[in-house]
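Enquirer: For reference, the chains in residue letters:
Number of protein chains: 2
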Amino acid sequence: MSKLEKGLIQVYTGNGKGKTSAAFGLALRATGRGLSVYVIQFIKGGFDYGELHILDKLPNITLKAFGRGKFITAKPPEKEDIKLAEEALKLAKEITEAGEHDIVILDEINVAIDLKLIKLQEVIEIIKKKPDNVEIILTGRNAPEEIINLADLVTELKDIKHPFHKGFKARKGIEY
Amino acid sequence: MSKLEKGLIQVYTGNGKGKTSAAFGLALRATGRGLSVYVIQFIKGGFDYGELHILDKLPNITLKAFGRGKFITAKPPEKEDIKLAEEALKLAKEITEAGEHDIVILDEINVAIDLKLIKLQEVIEIIKKKPDNVEIILTGRNAPEEIINLADLVTELKDIKHPFHKGFKARKGIEY
Numbered sequence: 001m002s003k004l005e006k007g008l009i010q011v012y013t014g015n016g017k018g019k020t021s022a023a024f025g026l027a028l029r030a031t032g033r034g035l036s037v038y039v040i041q042f043i044k045g046g047f048d049y050g051e052l053h054i055l056d057k058l059p060n061i062t063l064k065a066f067g068r069g070k071f072i073t074a075k076p077p078e079k080e081d082i083k084l085a086e087e088a089l090k091l092a093k094e095i096t097e098a099g100e101h102d103i104v105i106l107d108e109i110n111v112a113i114d115l116k117l118i119k120l121q122e123v124i125e126i127i128k129k130k131p132d133n134v135e136i137i138l139t140g141r142n143a144p145e146e147i148i149n150l151a152d153l154v155t156e157l158k159d160i161k162h163p164f165h166k167g168f169k170a171r172k173g174i175e176y
Numbered sequence: 001m002s003k004l005e006k007g008l009i010q011v012y013t014g015n016g017k018g019k020t021s022a023a024f025g026l027a028l029r030a031t032g033r034g035l036s037v038y039v040i041q042f043i044k045g046g047f048d049y050g051e052l053h054i055l056d057k058l059p060n061i062t063l064k065a066f067g068r069g070k071f072i073t074a075k076p077p078e079k080e081d082i083k084l085a086e087e088a089l090k091l092a093k094e095i096t097e098a099g100e101h102d103i104v105i106l107d108e109i110n111v112a113i114d115l116k117l118i119k120l121q122e123v124i125e126i127i128k129k130k131p132d133n134v135e136i137i138l139t140g141r142n143a144p145e146e147i148i149n150l151a152d153l154v155t156e157l158k159d160i161k162h163p164f165h166k167g168f169k170a171r172k173g174i175e176y
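Sequence lines, in order, name chains A and B. This note's numbering applies: residue 1 is where the first sequence begins, and numbers increase by one. This note's numbering applies: residue 1 is where the second sequence begins, and numbers increase by one.
Everything hinted at is true.
As a list, the in silico DSBU-like pairs of lysine-lysine whose alpha-carbon atoms are at most 30 Å apart: (1) Lys161/A / Lys128/B; (2) Lys44/B / Lys158/A; (3) Lys44/A / Lys6/B; (4) Lys116/A / Lys130/A; (5) Lys116/B / Lys158/A; (6) Lys129/B / Lys44/B; (7) Lys57/B / Lys169/B; (8) Lys128/A / Lys79/A; (9) Lys161/A / Lys3/B.
Per the computed footprint, the stretches of chain B lying under chain A, defined by three or more beta-carbons under 8 Å from a beta-carbon of chain A, are: (10) 28-36; (11) 151-162.
Quick caveat, the hints were computed from the structure, so don't treat them as lab data. Remember, it's a predicted structure, so these values are computed and weren't measured experimentally. Think of the CB as a built atom: it goes at the ideal place given N, C-alpha and C, for glycine as much as any other residue.
Full structure from sequences and hints, please.
Expert: Shown next, in the form of structure tokens:
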């Protein structure tokens, strides 16, 4: 059972680097206290991220990623991408409602909403119905206003300076 | 020896929650790739943070914290706080110059500069003289303009909404 007395809704959004890292850093802190963390990654499944090689070595952290390992650009989105995002959302609902994990991280869920892979209203339902002792963390750029209004803690990560603008390539171990 | 071909200067600043977590999430990713991370915490030593209970269980992450476990408000700062921050800076210089760790995280160093515990010019020297294959990550609010100018990647974390404004108390496992 969850050890938090009062779980909040946290949002990490904006165009800056570090949203997922901030959520994972928080997971690290939580697991250091014996809290239980469940991470559901929207869109990201199939990509090879450095953190995936270490997270399963940590106690009390479970991670499930849903995605096909490629960027989603099609408008309207392809059926297969919608199907995977809906599966991720279904799991998010189950895990949150069950209340057995202290923290549920919904990584890149804001992007999944923005790309119309999942319905905003269904995410709002999950948030509104969450057990009191469960903390939900939503990441991804373009967080919808409705979610920001519901959240207790919102941090915007702003890109002030980024080497990718100068054609810099993503580096293994740092950017992925 | 460092495995990065080209190490950058990253800065996480601003008044929002998640600067240290973003750096620690990055450390998690890096260690998942077999990179070596050295974390030097300015000001924070003596506080009990959740992440400290788990970081030493991770491979390739070393953490040294310097501080007295209380907030620094005195102006001018007390000698003991200056001494500890200078020790942290000395270690930062040694570890960076040695080039044996891929990533050096200087947590809250911006605050140490802002509080006049250490000299901005000495931090600039460390950055300018760093070996090519070492990545330096500087965190803390109020990053000085000179450091932002030197950095390759700067992210500002902006507090959009925070429950502390409503008198909410910090929670074990989440805020510390």
